[in-house]
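Residue numbers (the UniProt record's numbering), protein chains in the order written: chain A, 1 to 1011; chain B, 1 to 318; chain C, 1 to 65.
Rather than coming from a laboratory, the hints here were simulated on the basis of the structure. All residues carry an ideal CB built from backbone N, CA and C; glycine is no exception. Certain hints may be false.
Each computed DSS-like pair below joins lysine-lysine, with the alpha-carbon atoms no more than 27 Å apart [what the hints assert, rightly or not]:
no. : chain 1 : residue 1 : chain 2 : residue 2
1   : A       : Lys947    : B       : Lys189
2   : A       : Lys873    : B       : Lys300
3   : A       : Lys113    : A       : Lys447
4   : B       : Lys300    : A       : Lys947
Away from chain A, derived, C-beta distances all over 10 Å, residues of chain C [unchecked claim]:
no. : residue
5   : Tyr3
6   : Pro5
7   : Pro47
8   : Leu62
Below, a sample of chain A positions facing chain C; criterion: calculated Cβ distance under 8 Å [stated by the list, open to error]:
no. : residue
9   : Arg517
10  : Asp559
11  : Gln560
12  : Met582
13  : Ile815
14  : Val1005
15  : Ala1006
16  : Met1007
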Amino acid sequence: MLQMSEKPAKVGAVLVVGSGIAGIQASLDLAESGYYVYLVEKNSAIGGIMPALDKTFPTNDCSMCILSPKLVDCGRHLNVNTITNTEVLDIQGEPGNFKVTLKQKARYVDPTKCTGCGSCSEQCPVKVPDEFNQRLNNRKAIYKLYAQAFPNAYAIDPTKCLRMKKPKACGKCLQACQAGAIDHTMTDQIMEIEVGSVILCPGFEKFDSSQLAYYGYGKHPNVVTSMEFERLLSASGPFGGHLQRPSDGKEPHKIAWIQCVGSRNCRIDRGYCSSVCCMYAIKEAEIAKEHSPYPLETAIFFMDMRTYGKDFEQYYHKAEHEVGVRFIRSRVYEIVEAGDGSGNCRIRYADDAGNITYEDFDLAVLSIGLDPPADMIELAGKLGIKLNKYNFCQSAPLTGVGTNRPGIFVAGAFSSPRDIPETVMQASAAAADSAAGLAEVRSTLTKIKEYPSEIDVAGEIVRTGVFVCHCGINIGSVVNVPSVAEYARTLPTVVFATDNLYTCSQDTSAQIKDAIREHNLNRVIVASCSPRTHEPMFQETLKEAGLNPNLFEMTNIRDQCSWVHMHEPEKATEKAKDLVKMAVYRAALLEPISSVSLDMNHDALVIGGGVSGMTSAVNLSKQGYKVFLVEKADVLGGTANRIRYGMNGEDIPAFVSNLINQVTTDEKITVYTGVEISDVHGFVGNFETTISSGEVLKHGVTIIATGADEYKPTEYLYGQNDRVITLLEMEALLAEVDNKVRDAKNIVFIQCVGSREPERPYCSRICCTKSIKQALLVKEANPEANVYVLYRDIRTYAFYEELYTEARRKGIIFIRYELDNKPVVEAADNGLKVTVTDHVLGIPIEIEADLVALASAVMSPRENNSKLSQFYKVPLNQDGFFLEAHMKLRPVDFGTDGVFMCGLAHGPKNLEENVNQAKAAVGRACTVLAKNTITVEGKSAFVNKNKCTGCGECENVCPAKAVQVDPEQRVAVVNDALCKGCGACASSCRCGAINIKGCTNQQLVAMLDAL
Amino acid sequence: MSKLAEQIKGAAKKLLTEKKVDLVVGFTEGSLPLRGTPFFARTPEEADQLTWNLDCENNLANYLRKKPGKVAVVAKGCDVRSIVALIKENQLNRDNLYIIGVPCRGMIDRRKVAELLSGQEVLAIEENGDTLVIKGNNSSVTAKVADLLHNSCRDCSYGNPVIYDELIGELLPEKEAADFNEIKAFEAKTTAERRAFMNSEFSKCIRCYACRNACPMCYCEECFVDCNQPEWIGKSAYNVEDNILFQVVRVFHLAGRCVDCGACERACPMGINLRLLTRKTVKDVKELFNAEAGVNLEDKPVLATFTNDDPEAFLLKE
Amino acid sequence: MEYEPKIVAFLCNWCSYAGADLAGIGRIQYPPNIRVIRVPCSGRINPLFIIKALRLGADAVLTSG
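Chain A extracted, bound-state conformation:
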């Protein structure tokens, strides 16, 4: 017999640890790309930190509003197995084949039975400080983590529940729960699962500010943390969004934020910058001002304002100059009680010039930093995952998402403090990298649900069935549910109506199916809770019964009726009847909608052959997709060809040449150099791009990775004196240990050259770190040299702060200048004279410089970008960089489906971050490429050709670019693949020629007619 030595087959599943926004994004990307996902969360619901935030910078979107669609998508996804209350005990095995041991703690509530109605919690006598609300108020021992939580199910806190302590002591919840979901005898479970790769995204912990006694937290009641302040602002917070001091309920008129609490502090082992606090403090100050009906004074005490992200500098500028937030560059020594009986906080600080002074505030908010998650330290030890000295994950160099252990990836704040968009990006990148190793087992474990064939209802008499829900006592105790059902029976088309205790329970679902069969129902109406949470479930029931899911209509008589009219049962019942009538009238006009399938081309086009583009191409190829890589220049490599040193000392030329080698030898990648895009047709799944050589490339997705330029300064004698150079030019001198560096006595770096100025108001992000990195290299090559860095704010975010600390320790001199008093560079005998006004001394200092390095801006190639912007119908921002679909949650997507971006084309970023984003673009692109066809729900716009005049109004208003006027026929044509069904076209069409399937003018007016 032949001995077969075979590697065990890989597993087409991925474990995602932690279900904050990173975990959710990674799970969704993977599940949509053909992998089965186990999403493990230690809490009783997914969501992480985002649900607790009020608004998000820089768009000031409501955090929950933008998150909840993702929560729902993730929670309902057939291929995401969400396992809550669970910790990872161990991971054994190798890439492609890991065995994971999980421990699921008892929830004491069966989430498949719990309807989330909350009756149990109302009856529970035990009050417990609510962690979600930062302990500012109480919850019960049986609780739901937050209102919109998924799973929408309660959990019992065993340490607080009376019955858990003494079985006879209580049991009120058991009586209240009419669904029989509560079971105090549940026990913890150990589970084993098999996965091909692992993504760690456990997030971060809040810095405990009581460690720093001088800020008075825990002692002085009017010192709160920034997380507490988020809850104070939130409409779902402890005070319903009324801004008040938690101590005495007084409305604050003057609030201070103290930056860097638990960050940039070597004495307490937090030598890193937490990266997000400057922005969230500005946001909180802005939102607080918006909230208060009276003039509110706000002040932010800071050292360096680190608004380095995309559009952040503009946000800062607006806060200071338009919103009127006061920014005080200072060192805060302590916060004490004002001592005048007001309870106010007295903040003692040294101002910019070193003068010690104080100011009183009603409330002080500590901008607390991000700590690594404590429970990961043990697990990392067990798994052999390397942590850095602060116990954050030590990611593998220039991978963006790699750990030291192959097959295990990291995303989110656990890799280093970062904000939401960067977390989302990294999550998509981790999805891409973890899928890259599993391409051969893609779609082997994912499930597809089969349904019976659909009953043809065309031409049938409308037969409506109405199901009215009691929701335990949630609806039934206010609305007279049986009378609503009875009323429904009197309505036209209704042939069946009944009331149920819980319409959403398993047994009622069977009853609905029976009723459909028995009464030949061809329209189904459920009057219960919110369609936002339950409509997909009921539609599923219809599909299982062979009815088209769009023959369903739902009306909300709980959240928008019984719960909000609790003291007016009669009027609430009248309203419920009206709502049912409206639903019945509308339902009569509903028609089946069939989903639309279009062919899908599985090749990808990557525009730009720099590090971002090449990284995308390589990763796409690993996923098994063919790639066209188009580069305008004659060589690959882009800007990275001019970079020698990574921010952490990596050898960039070796990295780039390796990447070029991979790209050029990969059979799946076709490289085109020296060509540009000259024309584009088509849409997602079916693009046809013509390149300047005349060749037409057919592809399903496009990744724009066109990079950026270095600003050529016109200031500081650049171009006139060869001793004045840019950082990229300096990079070359350093690599060659040029005489200019070796023999220099004084070298000056000037920051913000062409950035943060009216013409280019954004921060170029990378220059502070790069300058300091170079300054240190100068010191290495020429220890005798004096190195000066002239700056406005030092923005060495995250662990780059360590470089700043090192630079100061090594004697590099940092001098801050003001925008209105910039340094002056003049030619002098044998060199240059740089004059700068020192911010502490307030007097001009003259430096005889041998070399001046200008940190010049990262600039968008505007013309090139605007051409691509028109070709692919994607927008640019005011600075000429590509503008993503959503600044927060869709950082590499465009509103136009099938087009993605990465790298400097999106905005200034360092090489490692570009690698990250390049993989993220792949992660997102794979969600499209993995599909055999493009299938859309079909709730799209449709045109009545007889009425359409082809005026183009719909084309103008369509945000998805899904409608175009056919010039020959002079009628609008809808592309179902692109249409999102928003209906802006139908509302704008004067002729009434365009309508939305499932939401037609007739259907909506029928609801009005019912009133």
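For this one, chain A is given, so just place chains B and C on it according to the hints.
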């Protein structure tokens, strides 16, 4: 004027003879004075009947849609603005259109003339530079042209065609934009007063839809008012509410598109002050978005374009 | 009898309708005079809907998105 008429005839004949166009749309003399009538010349001989007078008031842009072949049009300032607006809405193909632009100082309003003659029939009109001699049965009145212009012409600052292929006559000096005093006065009224005014004005409406038919921008295949599924508003003229809503929605549909030619008001047999509504939107669009309809081929449709500095005046913010 | 206005509200599924749900979860009490119509986007609200609602006797129309 007659000189212009001769030039128009000449231009039209040339175009038709050389077969550059299949049709010239212009004006011919009406059967009565002050009743200049749109005229379709398909042969050089027919072109002889073309004319140009102070009564060429119809907006000829209204006759150009769905005309096969190449069409030339004799177009004054407001006609050309409508043409521009229609080109932008894909209703006219610029390539198939030949614009014979005629700078226009305004057309005269026969209702104002009739008032001068105290209702007597007008038998003849003599043009005399800036003045007119109007002859009735046994009287004649001399009046300034400027005093007899249509209100829309009085307020018009686009007498010169904004685009053309051929210009007849000389371009007129720039005219300052008119004020919006009547609109401001209307806006200054109380809600109740405005309501009363609308009620009295629209109780006159007989739903003949002449306004809609005269308007070059009202080209829907089916007007919202004729739609049955759903029925948006009642169709009977007896209901003043519905009459008001008809006009309000019609005007709303014209917001940002109306070139203020006044065709609707001239067409109204009941003398309803329709321009008050259309001009209100002209004012609003000008004030809110600094835009005017049909003044160039480049401007994006104002109400279908979003910019970051949108005034968003309708939004109630938190 | 007291004046009981009838108010029709067109709410965007993604924000305002969700907000109305949240009001329920928070048990915020408000008068029961409102009848909500859920739309896929506030862009779906045809101005004619508002006119139609008023014409059919609604005392007020709320659009939110």
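These are the hints, each one checked on the structure:
| no. | hint | in the structure |
| --- | --- | --- |
| 1 | Lys947(A) / Lys189(B) | violated, 39 Å |
| 2 | Lys873(A) / Lys300(B) | holds, 16 Å |
| 3 | Lys113(A) / Lys447(A) | holds, 23 Å |
| 4 | Lys300(B) / Lys947(A) | holds, 24 Å |
| 5 | Tyr3 | holds, 14 Å |
| 6 | Pro5 | holds, 12 Å |
| 7 | Pro47 | violated, 7 Å |
| 8 | Leu62 | holds, 13 Å |
| 9 | Arg517 | violated, 29 Å |
| 10 | Asp559 | holds, 3 Å |
| 11 | Gln560 | holds, 5 Å |
| 12 | Met582 | holds, 7 Å |
| 13 | Ile815 | violated, 48 Å |
| 14 | Val1005 | holds, 6 Å |
| 15 | Ala1006 | violated, 10 Å |
| 16 | Met1007 | holds, 5 Å |
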